[in-house]
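Student: Sequence:
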Amino acid sequence: MAKKKMGKKLETEQDLKNIIEQKKQKIREDLKIQLLSQNKFGKQFDDMVEDYIKFVELKEKLQHDIDVNDIRYQTTGGNGFTTFKPNESVERLIKVNAQMLKILQDLELKAPEDSGGEEGDDLLS
Numbered sequence: 231m232a233k234k235k236m237g238k239k240l241e242t243e244q245d246l247k248n249i250i251e252q253k254k255q256k257i258r259e260d261l262k263i264q265l266l267s268q269n270k271f272g273k274q275f276d277d278m279v280e281d282y283i284k285f286v287e288l289k290e291k292l293q294h295d296i297d298v299n300d301i302r303y304q305t306t307g308g309n310g311f312t313t314f315k316p317n318e319s320v321e322r323l324i325k326v327n328a329q330m331l332k333i334l335q336d337l338e339l340k341a342p343e344d345s346g347g348e349e350g351d352d353l354l355s
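Using the working numbering, the first residue of the sequence shown is number 231, and each one after it goes up by one.
What the hints contain is simulated information worked out from the structure, not anything from laboratory work.
Misleading hints may appear alongside valid ones.
Said to hold, decoys possible - BS3-like cross-link-like pairs, simulated, lysine-lysine; straight-line CA separation at most 27 angstroms:
1) Lys325 - Lys247
2) Lys315 - Lys325
3) Lys256 - Lys270
4) Lys254 - Lys340
5) Lys325 - Lys291
6) Lys340 - Lys256
7) Lys315 - Lys262
8) Lys256 - Lys273
9) Lys262 - Lys340
10) Lys273 - Lys332
11) Lys325 - Lys284
12) Lys325 - Lys340
13) Lys291 - Lys340
14) Lys270 - Lys247
15) Lys247 - Lys262
16) Lys315 - Lys254
17) Lys315 - Lys256
18) Lys325 - Lys262
19) Lys340 - Lys315
20) Lys284 - Lys273
21) Lys291 - Lys262
22) Lys273 - Lys262
23) Lys254 - Lys332
24) Lys270 - Lys332
25) Lys332 - Lys247
26) Lys340 - Lys270
27) Lys325 - Lys254
28) Lys273 - Lys315
29) Lys254 - Lys270
30) Lys315 - Lys270
31) Lys291 - Lys270
32) Lys332 - Lys262
33) Lys270 - Lys284
34) Lys247 - Lys340
35) Lys273 - Lys340
Computed from a predicted structure; not experimentally measured.
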């Protein structure tokens, strides 16, 4: 299956992992500061923050896939014909974003500000 590459590309898989780790750390810190300022302590809050952080990682990977493969990608079927298929990452990204917003609402927190220098890559800020 051949996929057409579009959008921004990262040098290596390690670059993507490094970017995601930096972003996760900043967001984790921001959420914990917000919780502390609201006097919310406990494992249940830490657990919800970690759920949110997992969604951050998933969201970044989905966005990267959309950046690389666009919203539709070209593939060659078993019959040899080339077709375009919708990128499932688009639909999944919408669902992940909804879950992230739900967690923030449950915790009564605001979406962390992303100061990573990249504009438009975060649906929550």
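Student: Assess, step by step, whether the Cα of Lys273 is no farther than 27 angstroms from the Cα of Lys315, and give holds or violated.
Tutor: Violated - the C-alpha atoms of Lys315 and Lys273 are around 43 angstroms apart, more than 27 angstroms.
Student: Just to be careful, I want the Cα atoms of Lys325 and Lys262 compared with a cutoff of 27 angstroms; is the pair within it?
Tutor: Distance ~24 angstroms between Lys325 and Lys262 Cα, so the pair holds.
Student: Verify the proposed pairing of Lys325 with Lys247, using a straight-line Cα cut of 27 angstroms.
Tutor: Status holds; Cα separation ~22 angstroms.
Student: So if I understand the rule, the pair passes when the alpha-carbon distance is 27 angstroms or less; does Lys325 with Lys254 pass?
Tutor: Distance of about 19 angstroms is within 27 angstroms: holds.
Student: Please work out if Lys291 and Lys340 have their alpha carbons no farther apart than 27 angstroms.
Tutor: Between Lys291 and Lys340 the Cα gap is close to 22 angstroms, so the pair holds against 27 angstroms.
Student: Next pair to validate is Lys270 with Lys247; report whether the Cα-Cα distance is within 27 angstroms.
Tutor: 30 angstroms, violated
Student: Keeping to a limit of 27 angstroms between CA atoms, is the pair of Lys256 and Lys273 held or broken?
Tutor: Between Lys256 and Lys273 the Cα gap is close to 20 angstroms, so the pair holds against 27 angstroms.
Student: Are Lys291 and Lys262 close enough, with their CA atoms no more than 27 angstroms apart?
Tutor: Cα-Cα ~23 angstroms, so holds.
Student: For the pair supplied as a hint, Lys247 and Lys262, confirm whether the alpha-carbon distance does not exceed 27 angstroms.
Tutor: Judged against 27 angstroms, a Cα distance of about 22 angstroms means the pair holds.
Student: Below or equal to 27 angstroms on CA atoms is what counts here, so check Lys315 against Lys270.
Tutor: The given pair, whose Cα atoms are some 45 angstroms apart, is violated under the 27 angstroms limit.
Student: Would you mind confirming whether the straight-line C-alpha gap from Lys273 to Lys332 stays at or under 27 angstroms?
Tutor: This hinted pair holds, its Cα atoms lying about 19 angstroms apart.
Student: Are the Cα atoms of Lys315 and Lys262 separated by 27 angstroms or less?
Tutor: With Cα atoms ~40 angstroms apart, Lys315 and Lys262 exceed 27 angstroms; violated.
Consistency note: the structure conflicts with the earlier hints numbered 7, 14, 16, 17, 19, 28, 30, 31.
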